[in-house]
Amino acid sequence: AQSVSQHNHHVILSEAASLELGCNYSYGGTVNLFWYVQYPGQHLQLLLKYFSGDPLVKGIKGFEAEFIKSKFSFNLRKPSVQWSDTAEYFCAVNAAGAGSYQLTFGKGTKLSVIP
Amino acid sequence: DAGVIQSPRHEVTEMGQEVTLRCKPISGHNSLFWYRQTMMRGLELLIYFNNNVPIDDSGMPEDRFSAKMPNASFSTLKIQPSEPRDSAVYFCASSSTNLALHFGNGTRLTVT
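Line by line, the protein sequences give chains A and B. Just add 47 to the spot in the first sequence (first one is 1) and you have my numbering. Just add 15 to the spot in the second sequence (first one is 1) and you have my numbering.
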């Protein structure tokens, strides 16, 4: 079974700082990868996803993520964070294949952006 | 599109009572998932359905938990009897074949 680890439990940044959140997965086969964001008191929303093709994926709100297959990683980045990016971020992986609909989530990284 | 609709938003109940959580997935989505979120364990997949059929319920904690999907537009998650350790936020999510999950607003369950 696949698993996902997110390295940082809580990240605190000042506005305009650059962001990189780590995500590693364990699964030897083909994967589909996702980043979700959960704003305080809200539900999870999809930020971006990778299925195939260009390993650098651009999502909403200026976020991007890079899939590095050799490192089993899918780190999330943003060049300049804003206070409104304060939220919890979840990486998720799906083992690609016929009939495989299950997403496995990491435990999340809480981001606090200080004005 | 109204998105995934869950009810109730909040539920407070006493230990031993039956709790029923409800979910209406996005029309046309053929997969439905129930997740539980706690501080200690994060997001845990409880069960998922594909075309109304339960595919994997290995995440259901114990026999006190049951889930049904009688049709493509409705699912329930029932806890009977409820216990304080069941307190959590329960999310329902649906997806089509593209795997991108759409989550509901969740039900915050408190069992006293």
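Be aware that a few hints might be false.
Said to hold, decoys possible - With the Cβ distance kept under 10 Å, some of the chain A side facing chain B (calculated, not the full set):
1) H57
2) L150
3) G155
Calculated from the structure, these hints are not laboratory results. Don't be surprised by glycine CBs; every beta carbon is placed ideally from N, CA and C.
Results of checking the hints against the structure:
1. At a threshold of 10 Å, the smallest CB-CB gap from H57 (chain A) to chain B is about 12 Å, leaving the interface hint violated.
2. Contact between L150 (chain A) and chain B, as hinted, is supported at the beta carbon level, the nearest pair being about 6 Å apart and thus within 10 Å.
3. Restraint check, G155 (chain A) versus chain B: the minimum CB separation of about 6 Å is within 10 Å; hint holds.
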